[in-house]
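Novice: The whole structure should be built from the sequences, with the hints applied where relevant.
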Amino acid sequence: MKTFLKGKNTEVIINTEGPVIIIGESINPTRRKRLVTTLQENDFTYVFELAENQIRAGADVLDVNVGFPGVDDVRLLPDVVVAIGEKFDIPLCLDSPNPKAIEAALKVSAGKCLINSVNGKEESMTALLPVARDFGAAIIGLCMDDEGITNDPEKRLAIAEKIIERAVRTGLRAEDVIIDPLAMAVSAEPQACIIAAETIRLIHQKLGHNITMGASNISFGLPNREDINSAFMAIAIMNGLTCPIANPEKIAGLVHATDLVLGRDDYAIRFIEHYQSTL
Amino acid sequence: MNEILKELAYCVESGKIDKASPYPPALKGKNGADELAKEALDNGIKPDQILEHALIPAMAVVGDRFSKKEIYVPQMLMSAKAMNSAMKHLKPFFQSGETKRKGKFIVGTVAGDLHDIGKNLVAMMIEGGGWEVIDLGVDVGTEKFLKAVEENPGAVIGLSALLTTTMENMKKTVAALKAKHSELKILVGGAPVTQEYCDKIGADFFSPDPQGAVDYLKQFAG
Numbered sequence: 000m001k002t003f004l005k006g007k008n009t010e011v012i013i014n015t016e017g018p019v020i021i022i023g024e025s026i027n028p029t030r031r032k033r034l035v036t037t038l039q040e041n042d043f044t045y046v047f048e049l050a051e052n053q054i055r056a057g058a059d060v061l062d063v064n065v066g067f068p069g070v071d072d073v074r075l076l077p078d079v080v081v082a083i084g085e086k087f088d089i090p091l092c093l094d095s096p097n098p099k100a101i102e103a104a105l106k107v108s109a110g111k112c113l114i115n116s117v118n119g120k121e122e123s124m125t126a127l128l129p130v131a132r133d134f135g136a137a138i139i140g141l142c143m144d145d146e147g148i149t150n151d152p153e154k155r156l157a158i159a160e161k162i163i164e165r166a167v168r169t170g171l172r173a174e175d176v177i178i179d180p181l182a183m184a185v186s187a188e189p190q191a192c193i194i195a196a197e198t199i200r201l202i203h204q205k206l207g208h209n210i211t212m213g214a215s216n217i218s219f220g221l222p223n224r225e226d227i228n229s230a231f232m233a234i235a236i237m238n239g240l241t242c243p244i245a246n247p248e249k250i251a252g253l254v255h256a257t258d259l260v261l262g263r264d265d266y267a268i269r270f271i272e273h274y275q276s277t278l
Numbered sequence: 000m001n002e003i004l005k006e007l008a009y010c011v012e013s014g015k016i017d018k019a020s021p022y023p024p025a026l027k028g029k030n031g032a033d034e035l036a037k038e039a040l041d042n043g044i045k046p047d048q049i050l051e052h053a054l055i056p057a058m059a060v061v062g063d064r065f066s067k068k069e070i071y072v073p074q075m076l077m078s079a080k081a082m083n084s085a086m087k088h089l090k091p092f093f094q095s096g097e098t099k100r101k102g103k104f105i106v107g108t109v110a111g112d113l114h115d116i117g118k119n120l121v122a123m124m125i126e127g128g129g130w131e132v133i134d135l136g137v138d139v140g141t142e143k144f145l146k147a148v149e150e151n152p153g154a155v156i157g158l159s160a161l162l163t164t165t166m167e168n169m170k171k172t173v174a175a176l177k178a179k180h181s182e183l184k185i186l187v188g189g190a191p192v193t194q195e196y197c198d199k200i201g202a203d204f205f206s207p208d209p210q211g212a213v214d215y216l217k218q219f220a221g
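Chains as they are written, first to last, in numbering that gives the first Met the number 0: chain A, 0 to 278; chain B, 0 to 221.
Simulated from the structure, these hints should not be mistaken for lab results.
Just so you know, even glycine gets a beta-carbon here, dropped at the ideal spot from N, CA and C.
Hints may contain errors.
Cut-off 20 Å, straight-line C-alpha distance, at most; resulting in silico cross-link-like pairs (EDC-like, lysine to aspartate or glutamate) [to be verified]:
#1 B:Lys-143 - A:Asp-145
#2 A:Lys-32 - B:Glu-195
#3 B:Lys-199 - A:Glu-248
#4 B:Lys-170 - A:Asp-71
#5 B:Lys-80 - A:Glu-188
#6 A:Lys-120 - B:Asp-138
#7 B:Lys-143 - A:Glu-146
Quick look at which bits of chain B chain A covers, simulated, 3 or more residues with Cβ under 8 Å [unchecked claim]:
#8 151-164
#9 183-189
Specialist: Right, here's the structure in full:
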């Protein structure tokens with residue numbers, strides 16, 4: 000299955016057969032005080048810097064989250080989307096809990112965006128699926144619903160199915176639903192990664208959809224987080240993860256290496272090209 | 000100090016839950032916090048002595064090590080489990096009123112936010128500090144906090160938020176709680192929360208780590 004996203008002109012194809020597509024996570028105010036202070040002054044230079052660094056490091060899509068206390072994101076998210084669109088030709092992943100901000104950003108976006116995210120809660124699906132349909136956007140379907148978060152991979156699969164079914168009924172194309180299996184911290188639940196990996200395997204084999212994941216949450220509360228994230232990333236990719244949301248400056252090399260060892264990079268062309276681009 | 004209490008404190012510090020638990024390897028096959036707490040009671044040691052001279056100081060050591068990054072979340076959770084396995088033997092004395100706790104602490108993660116680890120660590124540390132903890136869970140709306148405050152007069156309250164996008168709900172909850180209960184003490188925490196934000200939304204205390212919350216609560220202990 001292939002999901003197409005689009006910047007102004009550039010099309011990005013996320014394919015369940017690989018290779019892995021990186022959604023750059025860095026335009027996000029969590030732990031980036033400078034992003035908040037610059038955005039508060041309507042100064043987008045730091046946003047551009049984050050965008051440029053991620054694109055150079057290998058991001059194929061950019062996540063854009065400008066949520067922080069006191070922000071009017073119905074105004075700010077579209078402003079940032081327009082500003083990025085003027086400088087960079089790359090698809091965007093609109094990241095906000097506010098459906099009105101998502102809709103306002105979709106109105107002014109030139110390409111085909113990804114919405115981060117819709118979950119299995121009735122309220123979420125009702126608010127966002129018609130908006131996605133009307134603007135031709137793809138969505139991330141998060142495997143949680145009104146019951147909260149379950150640790151049972153089969154139940155997470157059922158939530159994924161529910162979101163896809165509802166999206167198709169609303170008028171979206173099935174391939175425009177990318178599933179997020181949810182990855183919890185392994186520091187608090189020793190089985191957390193295995194639960195996520197099994198959910199990924201089930202979604203990949205039974206539904207055949209593209210799969211994304213916020214890839215750094217799993218190592219919360221532990222030292223040497225990058226090693227943990229890397230170990231899990233390789234397993235998750237093998238099981239069917241196709242477009243992680245992560246920091247490309249940290250994981251691009253690993254992702255290319257994983258594609259290579261999984262036999263998806265003939266003659267190691269992409270691996271070598273990426274290596275040479277970092278020299 | 001009594002030998003049993005010393006051993007019990009060590010078990011809590013090192014996460015030795017019960018006889019069967021494999022950590023730390025040096026204590027393999029030996030009694031853990033579960034057995035030692037029972038043994039202490041059987042030996043006539045008063046529950047409040049167990050609390051004051053074993054559990055509270057042990058959890059303070061754990062909190063301090065965590066603040067200094069000498070231990071990490073899983074080790075802290077093991078210590079909390081060890082504490083709980085000892086605490087369960089004390090619960091009947093709390094319920095009968097024979098042993099008093101220091102007060103009540105209501106805790107929850109604010110609306111729209113499902114992160115529970117930080118909130119759980121704070122809850123465990125405060126319980127380990129001798130308080131009764133009422134944990135409202137995650138994605139807790141203002142109404143639920145208000146109801147809990149009304150059901151538990153005199154309680155101190157703690158709010159957690161882990162997302163820049165849910166901090167706004169923390170502000171709303173603080174405003175609503177203070178509007179109805181101006182005397183209420185509210186603690187806030189979570190990765191994106193700062194002292195500056197705490198001041199701005201009118202909360203009473205911010206700590207970057209769980210031990211700070213335990214220390215702050217000492218002034219309200221009954």
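Novice: Are the hints correct? Go through all of them and say.
Specialist: Tested hints:
1. This hinted pair checks out: Lys-143 (chain B) and Asp-145 (chain A) have alpha carbons roughly 17 Å apart, not beyond 20 Å.
2. Taken as a hint, the Lys-32 (chain A) and Glu-195 (chain B) pair is honoured in the structure, with Cα atoms around 12 Å apart against an allowance of 20 Å.
3. Between the alpha carbons of Lys-199 (chain B) and Glu-248 (chain A) the distance comes to roughly 35 Å, so the proposed pair goes past 20 Å and is violated.
4. Proximity of Lys-170 (chain B) to Asp-71 (chain A) is assessed by CA-CA distance (about 15 Å); at most 20 Å being required, the pair is judged to hold.
5. Distance restraint check for Lys-80 (chain B) and Glu-188 (chain A): the Cα-Cα separation of roughly 13 Å lies within the 20 Å cut-off, and the hinted pair is therefore satisfied.
6. This hinted pair checks out: Lys-120 (chain A) and Asp-138 (chain B) have alpha carbons roughly 13 Å apart, not beyond 20 Å.
7. Proximity of Lys-143 (chain B) to Glu-146 (chain A) is assessed by CA-CA distance (about 17 Å); at most 20 Å being required, the pair is judged to hold.
8. Remark: the region 151-164 of chain B is confirmed as covered by chain A, as 3 of its residues place a Cβ nearer than 8 Å to a Cβ of that chain, reaching the required three.
9. For the region 183-189 of chain B, the proposed coverage by chain A is not satisfied: 0 residues have a C-beta within less than 8 Å of a C-beta in that chain, short of the threshold of three.
Checked against the numbered hints given earlier, the structure breaks hints 3, 9 and satisfies all the rest.
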